[in-house]
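Given these sequences and hints, build the entire structure.
There are 2 protein chains.
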Amino acid sequence: MKASTTWEGNMAFTMTNENGNTMRMDAPVANGGEGSGPSPMEVVLGGLAGCMGIDMVMVLKPYLDKIERMTFDTVGERNDEPPRYFKAIELVVHVDGDVPASRVWRAVKLSDEKYCSVANSLNAELSYKVILNGEEAAEA
Amino acid sequence: MKASTTWEGNMAFTMTNENGNTMRMDAPVANGGEGSGPSPMEVVLGGLAGCMGIDMVMVLKPYLDKIERMTFDTVGERNDEPPRYFKAIELVVHVDGDVPASRVWRAVKLSDEKYCSVANSLNAELSYKVILNGEEAAEA
Numbered sequence: 001m002k003a004s005t006t007w008e009g010n011m012a013f014t015m016t017n018e019n020g021n022t023m024r025m026d027a028p029v030a031n032g033g034e035g036s037g038p039s040p041m042e043v044v045l046g047g048l049a050g051c052m053g054i055d056m057v058m059v060l061k062p063y064l065d066k067i068e069r070m071t072f073d074t075v076g077e078r079n080d081e082p083p084r085y086f087k088a089i090e091l092v093v094h095v096d097g098d099v100p101a102s103r104v105w106r107a108v109k110l111s112d113e114k115y116c117s118v119a120n121s122l123n124a125e126l127s128y129k130v131i132l133n134g135e136e137a138a139e140a
Numbered sequence: 001m002k003a004s005t006t007w008e009g010n011m012a013f014t015m016t017n018e019n020g021n022t023m024r025m026d027a028p029v030a031n032g033g034e035g036s037g038p039s040p041m042e043v044v045l046g047g048l049a050g051c052m053g054i055d056m057v058m059v060l061k062p063y064l065d066k067i068e069r070m071t072f073d074t075v076g077e078r079n080d081e082p083p084r085y086f087k088a089i090e091l092v093v094h095v096d097g098d099v100p101a102s103r104v105w106r107a108v109k110l111s112d113e114k115y116c117s118v119a120n121s122l123n124a125e126l127s128y129k130v131i132l133n134g135e136e137a138a139e140a
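As they're listed, the protein sequences go chains A and B.
Quick note: the first sequence, position 74, residue 74 per my numbering, numbers continuous.
Quick note: the second sequence, position 19, residue 19 per my numbering, numbers continuous.
In this list, chains with the same sequence are indistinguishable; a pair is considered to hold if it fits within one copy or across any two.
Under the rule of at most 25 Å between Cα atoms (straight-line distance), these lysine-lysine pairs were calculated in the DSS-like manner:
no., residue 1, residue 2
1, 2, 109
2, 109, 87
3, 87, 114
I should point out that these hints are in silico values taken from the structure, not numbers from a laboratory.
Listed below in structure tokens is the structure:
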């Protein structure tokens, strides 16, 4: 898998993948950038969420037409000193729809343990919460 | 650090950071998506390149007005079986401009070892090449 990322001046960069899709990144204004895109570390949080999201779409296929919303809130805890890597990341998985909590948890676990390429590329400790129709669902 | 990522139907997801910047991801058509954005794993490659890029902008500050181009080609080698995590990533750093090779290598090494939050969040083995004005520059 290949990608190419080019400097756009100051702290902005644009990645282009092999199909021509692009993604712009920038440092926030507080860190000397212009905030014209998410930061590289935010992009990693998004990649983790998107990866688990795609796994959940596949595992929950029989329920998809009953699912109105899936949102993944990611909270990354970073090392205090440089390098400020992710020590831990919590994923809060919000699902609204008519799907059993046990199925949602099964999808989260399958992604974490077996399928999610991004989760398994990171050395952060990952933890999960499931919020089903607005209420926290205990792990089965 | 927080981000929120929402399902947009099929295999597309949009991440929003705390400043309101967004990033769209999708699976490629070959994998059942619509290719409306880079994939989550491509996004990680871009995040790695952008992170090192920002470090290089900072370390090479005295030379910045003489640098015409910086491009980071990232090649990720993935595990054959699921989870298809990155086993190794090669970064090929292209710099065009009037800057000593030793300074470019120093920036790359400082980023790798000390500053790059993304590089230090990944468990892949990272390797680097520097191409300065079209020619490979040996590590000092």
